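> Given next are the chains, with one letter for each unit.
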Amino acid sequence: MTSRRWMLLTFATIMTVAGISAAISYAVDPYGLWRGPAGRKLTVYDFERKAKFLLSRRYVPANFDGLIIGPSCSANWDVPTLAGARIYNESLPGGSVAEEQIVVNQALPKGHYRLVVVVLVPTMTSHHDVNEGLDTTKNVEALGSFHVYDNEVASALHAWHIRFHKSNAAPDGQVELPYRKNLKLPIPPNFFQIDPVALEDYRDLVQSLRSRGATIVYVVPPIYEPILQHNKPAFETYLYTVRQLLPPAPVIDLNSAEYTALRSDPDNYIDSVHLTPQGAVAVNALLQKLVPAAIASGT
Amino acid sequence: MNFNSFSYILLFLPIVFIACNLARRLPIPKAPQICILLASIVFYSWSKPSHLAYLLGSVVVNWQIAHLIGDAAQPRRKRYLQAGLVLNLGFLCTLKYANFFLSNIPYLVHHHFQAPDLAFPLGISFFTLSQIMYLVDCYEELMPPSSLFDHATFVSFFPYVISGPISRARRILHQFPSLNGAVGPDADTLARAMYLFTLGLIKKVVFADAFSKAADYGFGNIANLSTFEAWCFASAFALQMYFDFSGYSDMAIASAMFLGIEVPRNFDGPYRATSIIEFWQRWHITLTSFITTYIYTPLLQSFGRVTLATSAIVTLIAMTLAGLWHGPNWTFVIFGAIHGTGLAVNQYWRKKKMPRMPKPVGWLLTFALVDIAFVFFRSPNLRTAGLFLSRSFVGAKMFGTGNLLKMNGIGPMLVVLALSQVAGIVAVSCGKSSDQLSHEFKPTWSSYAATAAYALISVLYLNSNVAKPFLYFAF
Chain A
-2 MTSRRWMLLT FATIMTVAGI SAAISYAVDP YGLWRGPAGR KLTVYDFERK
48 AKFLLSRRYV PANFDGLIIG PSCSANWDVP TLAGARIYNE SLPGGSVAEE
98 QIVVNQALPK GHYRLVVVVL VPTMTSHHDV NEGLDTTKNV EALGSFHVYD
148 NEVASALHAW HIRFHKSNAA PDGQVELPYR KNLKLPIPPN FFQIDPVALE
198 DYRDLVQSLR SRGATIVYVV PPIYEPILQH NKPAFETYLY TVRQLLPPAP
248 VIDLNSAEYT ALRSDPDNYI DSVHLTPQGA VAVNALLQKL VPAAIASGT
Chain W
25 MNFNSFSYIL LFLPIVFIAC NLARRLPIPK APQICILLAS IVFYSWSKPS
75 HLAYLLGSVV VNWQIAHLIG DAAQPRRKRY LQAGLVLNLG FLCTLKYANF
125 FLSNIPYLVH HHFQAPDLAF PLGISFFTLS QIMYLVDCYE ELMPPSSLFD
175 HATFVSFFPY VISGPISRAR RILHQFPSLN GAVGPDADTL ARAMYLFTLG
225 LIKKVVFADA FSKAADYGFG NIANLSTFEA WCFASAFALQ MYFDFSGYSD
275 MAIASAMFLG IEVPRNFDGP YRATSIIEFW QRWHITLTSF ITTYIYTPLL
325 QSFGRVTLAT SAIVTLIAMT LAGLWHGPNW TFVIFGAIHG TGLAVNQYWR
375 KKKMPRMPKP VGWLLTFALV DIAFVFFRSP NLRTAGLFLS RSFVGAKMFG
425 TGNLLKMNGI GPMLVVLALS QVAGIVAVSC GKSSDQLSHE FKPTWSSYAA
475 TAAYALISVL YLNSNVAKPF LYFAF
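If you're matching them up, the sequences are chains A and W in order. Here the first sequence stands for residues -2 to 296, where the numbers follow my numbering. Here the second sequence stands for residues 25 to 499, where the numbers follow my numbering.
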């Protein structure tokens, strides 16, 4: 082979394979970026951070007018509608408010949100780390990257009823949490630390949503009762501190005395903060009732 | 602009290549060189246009000094050279080391000084060394002072201006007439450049960034590392450094090759070295060459009588300076001093004709020393380096592997990173160096398949947003 032919062949092969791969990803469009996303139901099977970031660009604004903002403890809350708003659950497993801010910021320019449920839990404000290159994610990744191929393969396997044990974000953003039951998992010592940068991000996020006309409702997620009792002063101090520093809005505190029965049932928990599907269903039912009431009363 | 970015690979380099070839057909003298100079200016000012003034200032001042040296007779010539060296070192020290020196004064006089944070122009450590070599070569009449146009093109040449390979003017300037000729590089050279570029790209985006993930994890969790893990993470950083910097150098050499300029090689399978002397003959070869020619030899000559002791002292001084060249931190000084000590011991061993070690033992000792030195290189301060090394000898456990299992995170990326790391270890232990591979390159079906596969895999990694900036950009 001559060098000239070698170069042409190499270049043509690279361009052809890359082009075909990009065309397939364009046609499948797992994040609703390239085709009209309204009315589509997009499920993602892995890389929830990247997926929720890219879904928030067009898919979320086109299909939802309410959001849940939180970490993993609210990721499996499944409330398709709340107070008349169609809800997308933007919660990120292991996410900080810095990451939530990045993801929600993608959904703001093209969307209008009537209701936003903001989860008040210490993990959100303990740090402001950004993982998996979330802050530098680009649309072009949806044309060929590990997360796109992974989701495309999982999607194809799912269509053939083959399912790997993976976390799975439903079309409304609800994520199946991995089920590793450990109710004795202690709260780490730095769980309650408040990162000032993260808190500032939280305040900015809430203010930004409110300035765009969203009604904010804070929800304090239920903590497994024995763990809550063991750390009650710390939880109360945390809640008091963040409520002082965040913009005022109605608060639904699922750690208050009237929900003790929910928190005391071990079947409702995977660990001290994460709910089992049964626990999530119970919380969903409570939210359906409590959120409209909180909005109506304003407290 | 990074070599491992789409803007460089798909836009900048192809545009410069096409423009340069079109310029050869224009009736304007030196049109391809004008093209390259303009491209270099755009490349250098891409991220911080304000830093261009430092580069251009350095070019003009050194060009003027070279002409003063060229026109004057002794002893004035020597004074001009000395002034040039002082200016270049002063320029480097002021912008790079001022606060390092000032922050250490309180240890001596109990008074705290702080200079304003000055700009740290990209590539200053590299282009200042090129300027020093240029002045010395002009002084020693190894080459005549060049025109301002040639000098500016040589110093600012985009493939090496930011992170090397550190090139000598006389090795580059004589290629300019052929650069400006009517015929560009032939198809064989271009095919070889394409092959070398993809080798460099895969080294950086697949291997270096996979080892970076491991090294970052290890250096972020020092407190609970076992002894075995500490050595594994130190080795991961050593491999990250190699793949990162040699990948960058391969891409730089290939980029220059596309334009018909040959720049010196920088790496030659350093982790196959069985002694520390051999390691430095294979690692950052252009820096080694600078240290030997412009620091070690003149210092040794200044001692008058050459003995083993003077040679050891000079080696230690030269390598400590080379360490400091990397950055204003005591960790880099210790990095250089460790290598200096290793080289001095190695020289003593050879001169005294002490028994040769079996090759595996020599390799193991060399790699262990390189690992220890790189712990200082990677650590933000001496305390962290001390803590890491204490784990390397007295870890929390001897053979714990819990951190190794966690270093790549979870999910599909765990598999991707683990495979990349295994492939990297295989490539470094069994494969040929990219310099060898590019020299042996032939346009065959296997090289075609390999190049296409390397390029496609690299593009996948690049588009997955897992790529990191080059380590040597910081220097």
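Think of the hints as simulated: they come from the structure by calculation, not from any bench. Keep in mind that this is a model prediction, so the values were computed, not measured. Treat the hints with care, since some could be wrong.
Unchecked claim - Lysine to aspartate or glutamate pairs mimicking DMTMM-like chemistry, simulated, CA-CA at most 25 Å apart:
1. W:K466 - W:D240
2. W:K430 - A:D132
3. A:K38 - A:D126
4. W:K430 - A:E173
5. W:K430 - A:D262
6. W:K430 - A:D26
7. W:K430 - A:D169
> Just pull the numbers of the violated hints for me, sorted ascending.
1, 3, 5, 6, 7
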